[in-house]
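**Student:** As you go down the protein sequences, you meet chains A and B in turn. Per the numbering used here, the first sequence runs over residues 204 to 603. Per the numbering used here, the second sequence runs over residues 204 to 603.
Everything labelled a hint here was simulated from the structure, so no lab data went into it. Keep in mind that a hint or two might mislead.
Copies of one chain are not kept apart here, so a pair can be met inside one copy or by any two copies together.
Lysine-lysine pairs mimicking DSBU-like chemistry, simulated, CA-CA at most 30 angstroms apart [stated by the list, open to error]:
no.	residue 1	residue 2
1	288	500
2	264	376
3	500	576
4	496	376
5	226	288
6	408	561
7	311	292
8	226	311
9	230	500
10	409	496
Everything numeric in this text was worked out from a predicted model, so none of it was measured.
Number of protein chains: 2
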Amino acid sequence: MESARVVTCRAPINIAVIKYWGKRDEKLILPVNSSLSATLHIDHLCTTTSIAASQHFKEDKLWLNGKEQSLDNPRVKTCLQEIRKRVRKRRLSESGDDSSTKEWLSWKLHICSENNFPTAAGLASSAAGYACLVASLAEVYGITGNMSDIARQGSGSACRSMYGGFVEWLDGKLSCGSDSIAQQVVDQDYWPEMRILILVVSDQKKHTSSTAGMQTTVETSPLLQHRMTLIPARMETMRTAIRNRDFQSFAELTMQDSNQMHAVCLDTFPPISYMNDTSRAIVQMVHDYNSYKGETKAGYTFDAGPNAVLFVLDENVQEMLSLVNYSFPPQDTDGEKFIRGLDSHIEDIPQDMKAAMKRDPSPGSLKYVIHTKVGPGPQTVADQELCLLDQDGFPKNLAS
Amino acid sequence: MESARVVTCRAPINIAVIKYWGKRDEKLILPVNSSLSATLHIDHLCTTTSIAASQHFKEDKLWLNGKEQSLDNPRVKTCLQEIRKRVRKRRLSESGDDSSTKEWLSWKLHICSENNFPTAAGLASSAAGYACLVASLAEVYGITGNMSDIARQGSGSACRSMYGGFVEWLDGKLSCGSDSIAQQVVDQDYWPEMRILILVVSDQKKHTSSTAGMQTTVETSPLLQHRMTLIPARMETMRTAIRNRDFQSFAELTMQDSNQMHAVCLDTFPPISYMNDTSRAIVQMVHDYNSYKGETKAGYTFDAGPNAVLFVLDENVQEMLSLVNYSFPPQDTDGEKFIRGLDSHIEDIPQDMKAAMKRDPSPGSLKYVIHTKVGPGPQTVADQELCLLDQDGFPKNLAS
Numbered sequence: 204m205e206s207a208r209v210v211t212c213r214a215p216i217n218i219a220v221i222k223y224w225g226k227r228d229e230k231l232i233l234p235v236n237s238s239l240s241a242t243l244h245i246d247h248l249c250t251t252t253s254i255a256a257s258q259h260f261k262e263d264k265l266w267l268n269g270k271e272q273s274l275d276n277p278r279v280k281t282c283l284q285e286i287r288k289r290v291r292k293r294r295l296s297e298s299g300d301d302s303s304t305k306e307w308l309s310w311k312l313h314i315c316s317e318n319n320f321p322t323a324a325g326l327a328s329s330a331a332g333y334a335c336l337v338a339s340l341a342e343v344y345g346i347t348g349n350m351s352d353i354a355r356q357g358s359g360s361a362c363r364s365m366y367g368g369f370v371e372w373l374d375g376k377l378s379c380g381s382d383s384i385a386q387q388v389v390d391q392d393y394w395p396e397m398r399i400l401i402l403v404v405s406d407q408k409k410h411t412s413s414t415a416g417m418q419t420t421v422e423t424s425p426l427l428q429h430r431m432t433l434i435p436a437r438m439e440t441m442r443t444a445i446r447n448r449d450f451q452s453f454a455e456l457t458m459q460d461s462n463q464m465h466a467v468c469l470d471t472f473p474p475i476s477y478m479n480d481t482s483r484a485i486v487q488m489v490h491d492y493n494s495y496k497g498e499t500k501a502g503y504t505f506d507a508g509p510n511a512v513l514f515v516l517d518e519n520v521q522e523m524l525s526l527v528n529y530s531f532p533p534q535d536t537d538g539e540k541f542i543r544g545l546d547s548h549i550e551d552i553p554q555d556m557k558a559a560m561k562r563d564p565s566p567g568s569l570k571y572v573i574h575t576k577v578g579p580g581p582q583t584v585a586d587q588e589l590c591l592l593d594q595d596g597f598p599k600n601l602a603s
Numbered sequence: 204m205e206s207a208r209v210v211t212c213r214a215p216i217n218i219a220v221i222k223y224w225g226k227r228d229e230k231l232i233l234p235v236n237s238s239l240s241a242t243l244h245i246d247h248l249c250t251t252t253s254i255a256a257s258q259h260f261k262e263d264k265l266w267l268n269g270k271e272q273s274l275d276n277p278r279v280k281t282c283l284q285e286i287r288k289r290v291r292k293r294r295l296s297e298s299g300d301d302s303s304t305k306e307w308l309s310w311k312l313h314i315c316s317e318n319n320f321p322t323a324a325g326l327a328s329s330a331a332g333y334a335c336l337v338a339s340l341a342e343v344y345g346i347t348g349n350m351s352d353i354a355r356q357g358s359g360s361a362c363r364s365m366y367g368g369f370v371e372w373l374d375g376k377l378s379c380g381s382d383s384i385a386q387q388v389v390d391q392d393y394w395p396e397m398r399i400l401i402l403v404v405s406d407q408k409k410h411t412s413s414t415a416g417m418q419t420t421v422e423t424s425p426l427l428q429h430r431m432t433l434i435p436a437r438m439e440t441m442r443t444a445i446r447n448r449d450f451q452s453f454a455e456l457t458m459q460d461s462n463q464m465h466a467v468c469l470d471t472f473p474p475i476s477y478m479n480d481t482s483r484a485i486v487q488m489v490h491d492y493n494s495y496k497g498e499t500k501a502g503y504t505f506d507a508g509p510n511a512v513l514f515v516l517d518e519n520v521q522e523m524l525s526l527v528n529y530s531f532p533p534q535d536t537d538g539e540k541f542i543r544g545l546d547s548h549i550e551d552i553p554q555d556m557k558a559a560m561k562r563d564p565s566p567g568s569l570k571y572v573i574h575t576k577v578g579p580g581p582q583t584v585a586d587q588e589l590c591l592l593d594q595d596g597f598p599k600n601l602a603s
């Protein structure tokens with residue numbers, strides 16, 4: 204492919220420990236409160252996006268997981284517009300001459316994006332998707348800097364996927380939203396002992412989308428108004444816990460804030476319930492485990508679905524995986540591994556730990572577990588083998 | 204049995220539509236907020252209590268559901284003490300002479316109490332139980348007046364079972380609790396169209412007791428503090444809805460307040476979940492039904508367990524029972540009726556109503572349904588056949 208520029212990036216998903224739930228501006232995607240998340244390692248969960256820009260392309264094109272998509276999607280359009288606007292601004296301020304950039308910016312794009320995890324797992328992919336789109340566009344156009352406000356306009360939590368480690372998304376004060384950006388709290392190497400377990404629940408019913416859900420919450424939940432006033436102190440406590448590598452404070456506030464987000468969902472009218480009986484059995488298991496250990500050695504958090512994300516330190520990860528395997532014995536794994544991701548070892552748990560569990564084991568309630576850790580932000584992929592587009596700028600893999 | 208006085212009373216359970224959740228005084232059982240309930244008809248759900256007072260009895264004795272109980276229970280003791288205190292006060296103010304009353308008050312009591320519903324149903328029996336104890340004691344000692352503050356000290360919500368119809372329990376301002384009493388809003392004939400369906404959920408796991416649960420909520424839930432500020436307006440809206448027989452306002456606020464109580468339970472740490480997947484399926488069914496009808500024709504409320512209580516007007520009760528029967532088809536009823544209580548008729552629901560239901564039917568999720576209505580407060584039972592004590596003052600029926 205001549206006269207073309209091709210880039211491939213990978214971007215991570217993130218899991219909030221202080222939750223984003225509610226927008227104050229639907230169009231600009233400005234949140235009612237600040238939030239804070241851990242970026243998950245792209246080796247285990249990521250979106251890969253390849254973009255080719257060429258003067259020979261007749262129109263912008265987009266493929267997601269092997270299927271061509273309309274580019275009428277207003278959020279994708281906004282990201283494209285905003286990044287082109289920023290490119291023009293940067294070039295203009297650097298050279299004072301916009302003409303060459305203008306021509307180059309008019310080249311059409313072929314964008315191809317894939318997740319390395321099945322959609323049916325119920326893992327929110329839009330954060331990684333929009334972060335990857337914006338990171339790839341920035342790479343294509345050769346600009347750098349904080350692009351999180353653009354990713355934010357694709358999907359709110361996508362702004363947090365623009366950085367690795369632990370990341371905060373500031374609510375901001377301006378109505379234009381330019382101060383509602385993500386920034387890194389600490390990088391991915393700051394707390395190397397932290398491990399993350401994603402418990403993928405088997406029964407993935409169709410849920411209220413988070414966009415629709417949080418809109419109804421803002422409109423109807425009296426308790427959300429109060430939650431908003433609690434967040435600044437929670438953000439400060441969480442930042443401090445992370446900077447001090449204080450696992451107990453970190454895990455307890457993580458659990459409390461997850462519970463509170465789901466509490467305001469329930470206070471919404473009609474009420475929204477993302478957690479199901481398996482989610483609640485996981486909550487009970489974690490509290491029983493912490494009681495057994497005599498201190499908080501594990502925390503949980505839940506997003507807009509029944510899957511749990513657990514935080515444990517590496518010294519407890521084998522024990523926790525063994526407990527998960529005991530509490531939710533795998534069934535019908537179709538020969539696939541029950542525990543995926545980082546190297547894992549499970550064994551029988553001791554009798555007194557079994558006795559400390561208030562619920563009986565629930566076979567088959569989990570589909571699988573992903574064992575991962577905190578990871579970096581979006582990465583450029585140099586290996587051309589991993590490019591999703593062929594030499595003509597079309598997807599190598601199309602869904603049949 | 205000579206030289207004895209014997210009385211038998213029946214008292215109702217009640218279901219709160221503005222929820223009581225949290226005490227500001229554990230000993231006196233003073234609530235953090237006012238609450239409002241419907242009294243359920245004693246024909247379908249009640250406690251029966253017989254009390255015999257005799258100079259020949261050697262000690263106070265108590266039997267619950269055929270089993271003798273210790274009278275060391277501090278709440279039972281308090282009720283006995285408080286009612287004797289009140290009797291003395293009344294007699295003294297009437298005759299100016301306390302001597303004859305004093306002797307009579309020293310007679311020992313045999314108290315025998317039974318519920319007409321199985322404990323395994325997970326229906327809170329303590330409200331009816333303490334209301335019946337206090338009503339029977341008042342009858343034995345021949346005193347009248349508002350005894351709800353005494354019942355309150357047995358079990359908070361018992362004070363609301365001292366009246367029929369719709370009843371409010373005022374939070375009160377005094378630290379002694381004497382202004383934290385129940386009073387009738389309207390009597391049981393005021394809104395005769397109101398029907399109440401109790402959906403008894405099959406899977407009755409052991410739950411956090413409401414006493415322990417609300418204590419942890421008061422200690423740990425930041426959102427409870429805000430809920431308390433919302434209650435005065437909710438009480439007023441609810442009173443007005445009932446006085447105006449405004450079903451839509453009544454049902455919507457009932458649902459919202461139930462959801463909010465369960466939201467603060469979830470905001471408690473560790474979190475408390477009383478509703479399970481069946482409870483949530485019932486919530487969805489009611490909202491789907493209201494959408495189908497184009498207006499709010501049914502409401503739900505949940506207490507400290509998974510059972511649902513639905514409110515519908517009589518014109519919709521057959522349709523709702525048919526929908527419940529469709530959504531939760533009975534299984535393993537052991538020849539017992541699936542729908543109990545008032546005369547009920549079910550039929551096939553129309554195809555478009557089935558299509559409006561977002562969840563598939565869930566066979567066997569409900570044990571049975573009780574169809575009832577708003578009823579009177581505690582009643583004296585004249586029929587000696589119904590007395591639970593024999594002529595020697597001992598239970599006619601003992602548990603084997």
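**Student:** Hint by hint, say whether it matches the structure.
**Tutor:** Results of checking the hints against the structure:
1. For the homomeric pair residue 288 and residue 500, neither the shortest alpha-carbon distance inside one copy (47 angstroms) nor that between copies (52 angstroms) is at most 30 angstroms.
2. Taking the shortest alpha-carbon separations for residue 264 and residue 376, neither the intra-copy value of 36 angstroms nor the inter-copy value of 68 angstroms comes in at or below 30 angstroms.
3. For a Cα distance limit of 30 angstroms, the shortest separation of residue 500 from residue 576 inside one copy, 16 angstroms, qualifies, whereas the shortest one across copies, 50 angstroms, does not.
4. For the homomeric pair residue 496 and residue 376, neither the shortest alpha-carbon distance inside one copy (43 angstroms) nor that between copies (43 angstroms) is at most 30 angstroms.
5. Proximity of residue 226 to residue 288 under the C-alpha cut-off of 30 angstroms is restricted to the intra-copy arrangement: shortest distance 24 angstroms within a copy versus 58 angstroms between copies.
6. In this assembly of identical chains, residue 408 and residue 561 lie within 30 angstroms of each other by CA distance both inside one copy and across copies; the values are 26 angstroms within and 11 angstroms between.
7. For a Cα distance limit of 30 angstroms, the shortest separation of residue 311 from residue 292 inside one copy, 19 angstroms, qualifies, whereas the shortest one across copies, 93 angstroms, does not.
8. With identical chains, the CA atoms of residue 226 and residue 311 are never at most 30 angstroms apart, being 33 angstroms at best within one copy and 66 angstroms at best between copies.
9. In the homo-oligomer, the alpha carbons of residue 230 and residue 500 never lie at most 30 angstroms apart, since the shortest distance is 40 angstroms inside one protomer and 35 angstroms across protomers.
10. Within a single copy, residue 409 and residue 496 get their C-alpha atoms only as close as 36 angstroms, which misses the 30 angstroms cut-off; across copies the closest is 23 angstroms, which meets it.
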